[in-house]
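A.B. asks: Based on the provided sequences and hints, a complete structural model is requested.
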Amino acid sequence: MDTAYLIETIIKVVVILLIFSALAGIGTYFERKILAFMQRRLGPMNVGPYGLLQVGADGIKLFTKEDIIPTNVVAKIFKIAPVITAATAFMASAAIPFFPQFTLFGYTVHPIVADINIGILYVLGMMAVGLYGPLLGGMASANKFALLSAARATAVFISYEVVSGLSLLAPIMMVGSLSLIDFNDYQAGGVGNWIVWSQPLAFILFWIAAFAETGRTPFHLIANDHEIIDGFGTEYSGMRWGLFFIGEYANMFFISFVIPLIFLGGYGDGSLLGAIGLIGKMAFFFFFFLWTRAAWPDVRPDQLMWLCWKVLMPLAVINVVITGLVMMF
Amino acid sequence: MKMEAFNNRNVADNGYYMVDIEDYPTDGWGKFKRVVNRTFKGELFVGLWVVMREMIKFDIHTIQYPQEKMPIGPRYRAVHEMKRLWESDAERCIGCGLCEKICISDCIRMDTKIDENSRKEVSSYTINLGRCIFCGYCAEVCPELAITHGGEYENGSEQREHFIMYEDMLTPIDKMKAGTQLEFEGFGSITPHEDERVKKTPLAY
Numbered sequence: 001m002d003t004a005y006l007i008e009t010i011i012k013v014v015v016i017l018l019i020f021s022a023l024a025g026i027g028t029y030f031e032r033k034i035l036a037f038m039q040r041r042l043g044p045m046n047v048g049p050y051g052l053l054q055v056g057a058d059g060i061k062l063f064t065k066e067d068i069i070p071t072n073v074v075a076k077i078f079k080i081a082p083v084i085t086a087a088t089a090f091m092a093s094a095a096i097p098f099f100p101q102f103t104l105f106g107y108t109v110h111p112i113v114a115d116i117n118i119g120i121l122y123v124l125g126m127m128a129v130g131l132y133g134p135l136l137g138g139m140a141s142a143n144k145f146a147l148l149s150a151a152r153a154t155a156v157f158i159s160y161e162v163v164s165g166l167s168l169l170a171p172i173m174m175v176g177s178l179s180l181i182d183f184n185d186y187q188a189g190g191v192g193n194w195i196v197w198s199q200p201l202a203f204i205l206f207w208i209a210a211f212a213e214t215g216r217t218p219f220h221l222i223a224n225d226h227e228i229i230d231g232f233g234t235e236y237s238g239m240r241w242g243l244f245f246i247g248e249y250a251n252m253f254f255i256s257f258v259i260p261l262i263f264l265g266g267y268g269d270g271s272l273l274g275a276i277g278l279i280g281k282m283a284f285f286f287f288f289f290l291w292t293r294a295a296w297p298d299v300r301p302d303q304l305m306w307l308c309w310k311v312l313m314p315l316a317v318i319n320v321v322i323t324g325l326v327m328m329f
Numbered sequence: 001m002k003m004e005a006f007n008n009r010n011v012a013d014n015g016y017y018m019v020d021i022e023d024y025p026t027d028g029w030g031k032f033k034r035v036v037n038r039t040f041k042g043e044l045f046v047g048l049w050v051v052m053r054e055m056i057k058f059d060i061h062t063i064q065y066p067q068e069k070m071p072i073g074p075r076y077r078a079v080h081e082m083k084r085l086w087e088s089d090a091e092r093c094i095g096c097g098l099c100e101k102i103c104i105s106d107c108i109r110m111d112t113k114i115d116e117n118s119r120k121e122v123s124s125y126t127i128n129l130g131r132c133i134f135c136g137y138c139a140e141v142c143p144e145l146a147i148t149h150g151g152e153y154e155n156g157s158e159q160r161e162h163f164i165m166y167e168d169m170l171t172p173i174d175k176m177k178a179g180t181q182l183e184f185e186g187f188g189s190i191t192p193h194e195d196e197r198v199k200k201t202p203l204a205y
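Protein chains in written order, with my numbering: chain A, 1 to 329; chain B, 1 to 205.
Just so you know, these hints were derived from the structure itself, not from any lab. Keep in mind that the hints are not guaranteed to be accurate.
What the hints assert, rightly or not - No more than 30 Å apart at the CA atoms, straight line, and that leaves these computed lysine-lysine pairs for DSS-like:
(1) B:K33 / A:K310
(2) A:K310 / B:K57
(3) A:K79 / A:K12
(4) A:K281 / B:K31
(5) B:K57 / B:K69
(6) A:K33 / B:K69
(7) B:K31 / A:K310
(8) B:K57 / A:K33
(9) B:K41 / A:K281
C.D. replies: Following this line, the structure appears as structure tokens:
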């Protein structure tokens, strides 16, 4: 393998890891602030100006807390579960183009770790593997709330994998490729070429499924505080719990990148304006995660299953069939 | 405020009415119609708009506590205070012991003696704040308005049974000289405009 390619890839991996680990922290700051403003509160104010250093304080707290392995847990699985969540979240980012390619000191940089030809399949698959974090952590915890949460996580993830996969099938049929760069180039012509105009139903279905896959508020029953404490995270402390946290927030950021890349034109023609546009769209989708958390109540697990299997999945199948018919004739 | 609204128990005349709630659908078609209705009614967007409106209005209700504090009412019953007489700056307490008697949690302890002027003097007076339930009976029963409640609610202590001594409760003499002693308006205090309501004792029968 080419040494220059190897070095470039390692640099990209390190940059993505550092940026998104930091973004996970800053994301918590934004979440607390926006939720507070929507509830007429101020949020963190005391650590640093406007509470900005709260992120650092929380980080220090998480890193220096005692790492407790309770009795009766299956220690090996208990220890590895948070790593699975965080690692799969970051592994999913390998196939996401965060920027258009740009030239730095005469060297063309492709801001994607690996432009594999099954990009979107890989991203979805990796996010699906992330299920094993809550599942194994919850089952190994020797805690009834964690066990309930593991069961719920499995049900939700598997059900909504179906919805996200089927809803993405129609755009994939139109583009004829699984690479996210091909998706972007398909829509490079401008706002009129965005897939959201030809596949509005798939867009909404995938968006709903994204909430389930990241476990955000309307579908937050995996770790519903008022029912099952912190779910799979109940027995965790310190940095192991922090890894779950980083995984969840990194997942939110990555899915906020994936939705605009597939449906809303991505970075467009690759100009600087397009790159800023992608960041803007990503920011909107991330903000929407926080917005719904302030506005909407949670649904019950049985309602969630009902919504998935009786409403969303039939709609996704109908969407695929209609898309196929339109493309055939 | 008029009391009629509260005294009139005939609720049917006051604009109350039964809310017209439809029965829940039991058959499949009715349930389907309900789902479609709820889906396209846009109720979710109402919730989104409400929180967004509050964020834009930025009408923050937070009180950043150590820096800013809520004003508390003059009748608030926090840690006790001992008042001085306005005329002579002397202590109001006459050592009658009524507060010690009435205290339902037995937290007031006082000792008295006859001083060199043959007057009753309070030699020791403590309130066990670990037991005090701040009911206000002591302030209500005090004939001299000597013991009252104050507004000091920030009492951190290293032990649960924190005593306050007579000297700590007593209005400091410099504060008294400056004329800044505040009268308590709660239990046992003189009601406002009492002077206008006082009548001469009818002596001419």
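A.B. asks: Now look at each hint and say whether the structure bears it out.
C.D. replies: So, going through the hints one by one against the coordinates:
no.	hint	result
1	B:K33 / A:K310	holds (15 Å)
2	A:K310 / B:K57	violated (40 Å)
3	A:K79 / A:K12	holds (28 Å)
4	A:K281 / B:K31	violated (37 Å)
5	B:K57 / B:K69	holds (23 Å)
6	A:K33 / B:K69	holds (22 Å)
7	B:K31 / A:K310	holds (13 Å)
8	B:K57 / A:K33	holds (15 Å)
9	B:K41 / A:K281	holds (27 Å)
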